[in-house]
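Chains as they are written, first to last, in my numbering: chain Z, 810 to 989; chain X, 810 to 989.
Everything labelled a hint here was simulated from the structure, so no lab data went into it. Hints should not be assumed to be uniformly reliable.
A pair counts as met if it fits within one copy or between any two copies, since identical chains are not told apart.
Distance condition first, Cα-Cα at most 25 angstroms in a straight line; then the derived SDA-like pairs of lysine to any residue [what the hints assert, rightly or not]:
1) Lys913 to Ala849
2) Lys989 to Trp957
3) Lys930 to Ser825
4) Lys818 to Glu895
5) Lys961 to Asn850
Everything numeric in this text was worked out from a predicted model, so none of it was measured.
Here is how the chains run, residue by residue.
Number of protein chains: 2
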Amino acid sequence: MPVKPEILKVTNTANSRLFKVEEIELRFSNGVERTYERLANRGRGAVMIIPVTEDNEVLLIREYAVGLEDYTLTLPKGLIDPGEDEHQAADRELKEEAGFGSHKLDTLKVMTSAPNYMGHKITAVVARELYPCRLQGDEPEEMEVVKWPLEKLDQLLLDEDFTEARAIAALYMTRSFLQK
Amino acid sequence: MPVKPEILKVTNTANSRLFKVEEIELRFSNGVERTYERLANRGRGAVMIIPVTEDNEVLLIREYAVGLEDYTLTLPKGLIDPGEDEHQAADRELKEEAGFGSHKLDTLKVMTSAPNYMGHKITAVVARELYPCRLQGDEPEEMEVVKWPLEKLDQLLLDEDFTEARAIAALYMTRSFLQK
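Isolated chain Z (complex conformation) (with noise of 0.2 angstroms):
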């Protein structure tokens, strides 16, 4: 493994309501500076959420992406709050998006979404033994959840729609996880 950079000096150069963006100066091992740009870590992580029915499908939710403008499918997911675990936020999110609790929660891996500009991590948690039980989130609307069988996950990558990359990731790693 190589010798981390060593860090020169941290500035925070920019500020809003959600975002604090730092400025890095490093010096790498072989000597050479470099003056990188990250959005700072806030809270206590999110998490993904698969639920998986007794007939191997998967609970998608469409979901307005102002990133996008657009909708999207993909998987509900949130931060953690104060006091909770990965499970106890998975269970909640679930509740709030698809309007399912889950008996059954198994994690499967910690992921980064862009590390190279930010710290930010999400842990993908498989949800299953699901009942039928809605709770109150802060959502603006009420969340379509679509049915997806986990064998035909190839045919959802064509969809134009599903295109986040944690979402996929966590789909794979399903199929994989259950197939042991």
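Given chain Z, work out where chain X should sit, using these hints.
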């Protein structure tokens, strides 16, 4: 498909060298109003390259990721330069980051990273028929190249240095693509 929310107002709330933050006021079709923040889109998109050898091994790179303040195992990637198409950008980045060119490039899928707060898109490109060729890029140090058998993908997921969701998704899609 639901009716898209009406965008009432977009305000630029923070700027740094790389990032531009926007606040968006929306009215959903049910009348509910929300104010969100997002990172504005910049540039021509990006490519992630999945280099596959004749022996069905992928070439991973070990790169310093300032978001994590650590080295991470991932796939070569980079921004598309002016005048380049996706395949030209993929071939160039592969030469810069892994020291290989490719005679056979195939586009797999356009992926998004975190569509709820950014519009960034990255195209996964499989690169085969590799040949040694190093181009000097803007990398601060030469990256270690790690060969990994595609058939042992599940074991790679156990590695805590391999976390990037876009790379996980890209490798699974590549395995599926090559099995066809």
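Do the hints match the structure? See the list:
1. In this assembly of identical chains, Lys913 and Ala849 lie within 25 angstroms of each other by CA distance neither inside one copy nor across copies; the values are 33 angstroms within and 39 angstroms between.
2. For the identical chains of this complex, Lys989 and Trp957 are neighbours both inside a copy (20 angstroms) and across copies (21 angstroms), given an alpha-carbon limit of 25 angstroms.
3. With identical chains, the CA atoms of Lys930 and Ser825 are at most 25 angstroms apart both within one copy (20 angstroms) and between copies (23 angstroms).
4. Within a single copy, Lys818 and Glu895 get their C-alpha atoms no closer than 33 angstroms, and across copies no closer than 35 angstroms, so neither meets the 25 angstroms cut-off.
5. Taking the shortest alpha-carbon separations for Lys961 and Asn850, neither the intra-copy value of 36 angstroms nor the inter-copy value of 32 angstroms comes in at or below 25 angstroms.
Violated hints for the displayed structure, listed by number in ascending order: 1, 4 and 5.
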